[in-house]
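*Asks:* For reference, the chains in residue letters:
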Amino acid sequence: MSFPWAKHYEPKHPLMQWIDSRLPLPRFVYNAIGGGYPVPRNLNYFWNFGVLAGVALVIQIVTGIVLAMHFHSSAAEAFNSVNVGIMRDVNAGWFLRFAHANGASMFFIVVYIHMFRGLYYGSYKAPREMVWLLGVVIFLLMMATAFMGYVLPWGQMSFWGAQVITGFFSAIPVVGDWIRVWLLGGYAPDDAALNRFFSLHYLLPFVIAGVIILHIWALHIPGSSNPTGVEVKGEQDTVPFHPYYTAKDGFGVGIFLIFFTALVFFYPDALGHPDNYIPANPLSTPAHIVPEWYFWPFYAILRAFTADFILPAKLWGVLAMFGSILILFFLPWLDKSPVRSANYRPVYRTLFWVLMVDVLVLGYCGGSPADPAYIIASQLASAYYFAHFLIILPIVSRLERPRPLPGSITEAVLGTTKTA
Amino acid sequence: MATEGDPSVLENPRRRDYLQFAAVAVAGVGAGVTVLPLVNSMNPSADVLAASTTEVDLSAIEPGQAIKASFRKQPLFVRHLTQAEIDQADAVPLGELRDPQSLKERTKEGKAQWLVTLGVCTHLGCVPLGAGEGEAKGDYGGYFCPCHGSHYDTAARIRKGPAPKNLEVPAYTFDTDTKITVG
Amino acid sequence: MTSLLMRSIKFLVGLGFVGVLLIALWGTISGLIREGTPQTAEQALHEHPKELHLPSNGPFGKFDLAQLQRGFKVYEKVCAQCHSLNLVSFRELAGLGYNEAEIKKIAKDWPVKQPVFDNKAGTWGERDNTPADRFPKVYYAANGTPPDLSLITKARHDGAAYVYSLMVGYTEKPDAEGAKKFPEALKSPEGLHFNKYFANLHLAMPAPLTDAQIDTVKYTDGTPTTVDQMAQDVSAFLVWTAEPTMQQRHRFGVAVLIFLIFATILGYGAYRNVWRGMKH
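The listed protein sequences correspond, in order, to chains A, B and C. Its first residue numbered 1, the first sequence is counted upward by one per residue in this note's numbering. Its first residue numbered 1001, the second sequence is counted upward by one per residue in this note's numbering. Its first residue numbered 2001, the third sequence is counted upward by one per residue in this note's numbering.
Everything hinted at is true.
In the BS3-like style, the derived pairs of lysine-lysine whose C-alpha atoms are separated by at most 25 Å in a straight line are:
#1 A:LYS336 with C:LYS2010
#2 B:LYS1068 with C:LYS2120
#3 C:LYS2104 with C:LYS2137
#4 C:LYS2120 with B:LYS1073
#5 B:LYS1108 with B:LYS1165
#6 C:LYS2104 with C:LYS2218
#7 A:LYS314 with C:LYS2010
#8 C:LYS2104 with B:LYS1073
#9 B:LYS1073 with C:LYS2113
#10 B:LYS1179 with C:LYS2108
#11 A:LYS233 with C:LYS2279
#12 C:LYS2077 with C:LYS2108
In short, the hints are calculated from the structure, not lab data.
Okay, chain A solo, but in the shape it has when bound (with noise of 0.2 Å):
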């Protein structure tokens, strides 16, 4: 690609050479995760996420394949399909059934860590900024296929989920009721509902897929970023991603799923609700209606807008929900330092860990009942968010100033000085 260092590659096996010359797929994957794609030598474990986040959907896709097999989408019998059909009578169905709702989780573990690596060292910044950009796209792509998925078992939380996700949209004046019958196909989530849920579920992960291979592509224009920000100057910079990066990706492969297994065999229902196991009663909410715990930060923002201003306090909840994740499209734009990494950023350092516990706190707030204490602590916290993004950063990325950057990534790691 744009190194000109960058190994070539040269079947050996003549049937690898029949291959390449009439469709050159050995060459593209060779380029793309093989040894001709050079990497920065000096990525740490932080730079795993990337392939993990890849497996996490392998895992998703390939068992819910199966588990739809066995589902029934209807709303009488979605519950039973799931909790006696997949969960005691299919062969190693309860397997498949926590590998899914769990592989969810640690999907979302591993991309909201991935986020945050991002943010760190800066990613995102030119000439990487559409890598951001369709990685913002997948993480929406991936909100929506989590939301409907958890529709599906039809419990308590499946149901409610569903008509409080899609009562966002009755808050858009004029249309917005019209949008959200459109939405359910009925005024109550029912079973047309739940089979364009199962429908679009299905599909969406498949997007996502597509969407990663943009996302890989335009990461393959600049080459990957790394933890000093400094850019690749030379072949020293560089090895190549086949064997260094496999094998380390392999050892960080097995460590998720050293996580995953404790997760799925052992604490299998600890990240769910225990509302989801009562089938779905369209007469009764129950007393504490809370998302999954990956949309928690995004709820305790609805939440936390209670006050009517020109607009009513429910519109504003959802403009500043979707807002919330809107930010993060204009985020290249908003932080001009020409400095990537944090670690030579002193003040934006700082700023970096003070969000990472703003968003903690989010979190906690949303997956609490709503008392006035954990509003009050939500607003505060969203209303940092918002001035972190808008406000803050923009001005403290055109006032910083930065540490001295190491000359190059070789430099840096060998810890040689000026004389590179």
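Given the coordinates of chain A, work out where chains B and C should sit on it, guided by the hints.
*Replies:* Chains B and C only, in chain A's frame:
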């Protein structure tokens, strides 16, 4: 310490390179074992395997008549043979048959008049005619499969056409003289 | 002019959101000052479940089949009057250690029958249960809606401990301070019964396990039949009904984890081997 990034380290297996091979091999085994539950989940589930037995009441079936029942979601033929049909079946030399079996082997001791078979043609699985009132019984007076023209005789043995085997006799027992339990 | 607007739009949007949040914050705080957070009767009197030590607890828990059989007996003789177990099949009782003949007999003798629709007559009739059937639904006409118990230990926080606490909680005294503060909350409305482990404090179910049930249940394995023992056993049984494959899950988990730790150590070795001599 080897030279930095020395490609020979990677290309000539030596020293501790068995580690890579071992790691890849173990990962391969793990992936292979992981496929097992995925494949196994497509086998019949416990509720299908437990699919209960079928009871059939024989009291209303007159000689020469047959009824269709359902056993494990497949059609089941229960036929009350007339003496003429029994004689006709017994008269066939076993050597002439594609799937040699006597009527006696295909019925219960002392109950030669009760022929219980699955209604699934052994060719490609259509339901043969002949059990319902007024249906074609084929050239041999038993069952006739309209899909590809297999003819079965009065003992439901294949006599003509593409089917390779006789209609299958499922496991069943007589609870009383007029009631059987299949399965 | 336009470029200035473009440059400052982020600040305007940010200030907008922050401003509205501060207004909302003011509303919350002033509301809090005006009204405070009065303690509710539920907060004062509702209690978390007591601890319950079952062999199935924890990541490596196992079932005690004798206890599960006793728990099934409690369910059969007491709970089954009102609560169904509709997600469980009779054949699954093999997991409790019953043999085929015993299961057939349990199914056949089960007092609630399977409904069957007569296609000729167009009416509903009923037939005996078979091992392949799921436990039939129990229809309950009186006050309250007894939930199906199949998944109850998964469908409540603290699962088995909650069931156990609820069973033995009818006779327990409420918190003295809370009782002094909310004397009204202790009086059950008509047809309801006080239990401090129930979220709303009053529930339609009367104490299901009392000394009156001891003769009905009567353990035959030598275990003394007490209310506390019956409550423990039925909780253990309901852990099993919620996930009969739990023990299998734990067993597979140990094997998978051992394999993965081995493979990952090997993977780490391979990783270090590939990178040897490469400073990074």
